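Novice: Input sequences plus hints: build the corresponding full structure.
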Amino acid sequence: MRKKLRDWFLVILFALLAIFFQFRLLAPILKDKLEINLILGLIIWLGFFKKETEGALMSFIISYFLGAVSGIWSGVYLFSGMSLYLFARLLRTRFSPLKIGAQLLFSWALAGFYQIFTLICAGIFVKKEYFSEISSGFLFLEIFLNGLFAVLVFYLFNQIEGFFDQIPEALETKKV
Amino acid sequence: MSSIFSRFRHLLVPLILWLFSLILLSVQSYQGAKQSPSIFSRVVMELAGAPARAYSYLSSKARQLWKRYFYLVGLEEKNLLLQKKLAMLEMENQMLREQALENLRLKRLLEFKNHLDLQTIPAKIIGWDFSRFAKTLLIDKGKKDGIKKGQAVICPQGLVGQIIDEPGRSISLSQAPVLLITDPTSRVSVIVQRTRDRAIIQGTGKTDQLLLKYLPPEIKLEKGDRIITSGLSQIFPPGILVGTIEKIETNPFWVSPRGLVKPSVDFQHLEEVLVVVGENQL
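Those sequence lines, one after another, are chains A and B.
For the first sequence, the numbering used here gives the first residue as -7, with consecutive numbering after it.
For the second sequence, the numbering used here gives the first residue as 132, with consecutive numbering after it.
Just so you know, the hints here were simulated from the structure itself, not pulled from any lab data.
Because the structure is a prediction, the values reported are computed rather than measured.
Note that the Cβ used here is the ideal one computed from N, Cα and C, for glycine as well.
Do not rely on the hints blindly, as some may be mistaken.
To be verified - Part of the chain A face toward chain B, derived, beta carbon under 8 Å:
1) 45
2) 67
3) 68
4) 74
5) 77
6) 81
What the hints assert, rightly or not - With a straight-line Cα cutoff of 20 Å, these simulated SDA-like cross-link-like pairs (lysine to any residue) come out:
7) B:255 / B:305
8) A:-4 / B:141
9) A:43 / B:150
Said to hold, decoys possible - From the derived model, a few chain B residues whose C-beta atoms are all more than 10 Å from chain A:
10) 191
11) 208
12) 303
13) 402
Specialist: Shown next as structure tokens:
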């Protein structure tokens, strides 16, 4: 129970800090050319290392957080976030999350899926003009960078877990 | 069917949430732009804004600290540097001002010299002796410039004094002492310009006062009367302004009245003089 509370606290705190970092610090520097998404890495990490119920609920909440401050309808980020979580959860059995190379490939694949899926959702549900963003050259750079950041988030959260002397579930599963 | 359900049972909650998010998005899309942010959305915005506010607060405090301390440290150094620079510029400015004033004075002196029918040597004052007993000054011209004892020293404002050569105050090769007319031992033969009456003017030891003596008993002096050199002494050329009558003193026991004369030269601010070395030959 204590561990769960701590995990919830850490995830929510990181999500708020990441949203702040993403929208208040990075966005003015990058001037809307690039959208670095740190929440993406957290959702993938949740899909990787957390139990379905807990991970899904956390993903739901942090996706809603992201949607709330994104400037677009919260449903877009909520739906794409939940889709990402499900996709990550389904794919986790295909990759070994312990190897950095696998983590990178996994992250890039999911980042690509997430970015494109979000734009498609926005195009379908909000404005069709968002479809044109898919062909933007910056999108691929965003995917590349977001994949890298996702691996950093993995590392960070694994360190935090290690700091609290906890072994991520996935590692335990792998040992078994 | 039941096996499929049991296989994906663990994904039930994620799937429900996924479906819920899809429904939410669809509702939002249906409602269109009319919708306003929900209370929960506002709460999230507030929560997400908390780190921003904390960051803003901390950064403003850090900026204040920087301004108040680190910036002030830099500012102090900068201030010292600027103060030094300012002092240098002030000094430079002062020197330029001084040069300009000197040029002006020398120009006046030159004009004065050209108007005189006298051979003069310009000299710069390099020292003062304003002790209780002596009123002398030192000029930068000496024997090698033709300076001799008894030569009159004048300036555009009037009579200054004469070159002396005494023990302790002798003429050297490059400098000479000048006995001012304000010295108590100084005597100059003068005339009152308006009345043409002769008299002797004597120093009082004060830089702003001379004593006019040996006037004719019947003389009617007026305040402001100009006193000029008579030329009788062979030392001072005639017609050089000495001063103006400031006060007339009478006494039944005195044979004649006395006049207190204000020197025409401001000795306190005198810097350049002309030494009369002879008369111009026409």
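Novice: Are the Cα atoms of residue 43 (chain A) and residue 150 (chain B) separated by 20 Å or less?
Specialist: Holds, at roughly 19 Å.
Novice: The hint names residue 67 (chain A) as touching chain B; please verify it with the least Cβ-Cβ distance against 8 Å.
Specialist: Check passed: Cβ of residue 67 (chain A) comes within 3 Å of chain B, closer than 8 Å.
Novice: Say whether it holds or is violated: residue 303 (chain B) keeps its Cβ farther than 10 Å from all Cβ of chain A.
Specialist: holds (80 Å)
Novice: Hinted pair, alpha-carbon criterion (20 Å max): residue -4 (chain A), residue 141 (chain B). Please report holds or violated.
Specialist: Holds. Residue -4 (chain A) to residue 141 (chain B) sits at ~18 Å (cutoff 20 Å).
Novice: So residue 208 (chain B) supposedly isn't at the interface. Is its beta-carbon more than 10 Å from every beta-carbon in chain A?
Specialist: Non-interface label on residue 208 (chain B) holds, nearest chain A Cβ at 32 Å vs cutoff 10 Å.
Novice: Any CB of chain B closer than 8 Å to the CB of residue 68 (chain A)?
Specialist: holds (6 Å)
Novice: Confirm or reject the statement that residue 191 (chain B) sits farther than 10 Å, beta carbon to beta carbon, from all of chain A.
Specialist: holds (14 Å)
Novice: Can residue 77 (chain A) be said to touch chain B, with a Cβ gap under 8 Å?
Specialist: Status holds, d = 6 Å.
Novice: For a C-alpha distance cap of 20 Å, please report whether residue 255 (chain B) and residue 305 (chain B) respect it.
Specialist: holds (11 Å)
Novice: Against chain B, run the beta carbon of residue 74 (chain A) and see if the smallest gap drops under 8 Å.
Specialist: holds (4 Å)
Novice: Answer holds if the nearest beta-carbon of chain B is closer than 8 Å to that of residue 81 (chain A); otherwise answer violated.
Specialist: With Cβ-Cβ at 7 Å, under 8 Å, it holds.
Novice: Quick one: work out the minimum CB distance from residue 402 (chain B) to chain A and report holds if it exceeds 10 Å, violated otherwise.
Specialist: With a cut-off of 10 Å, residue 402 (chain B) remains clear of chain A, as the shortest Cβ separation is near 67 Å.
In the structure shown, no violation is registered for any of the earlier numbered hints.
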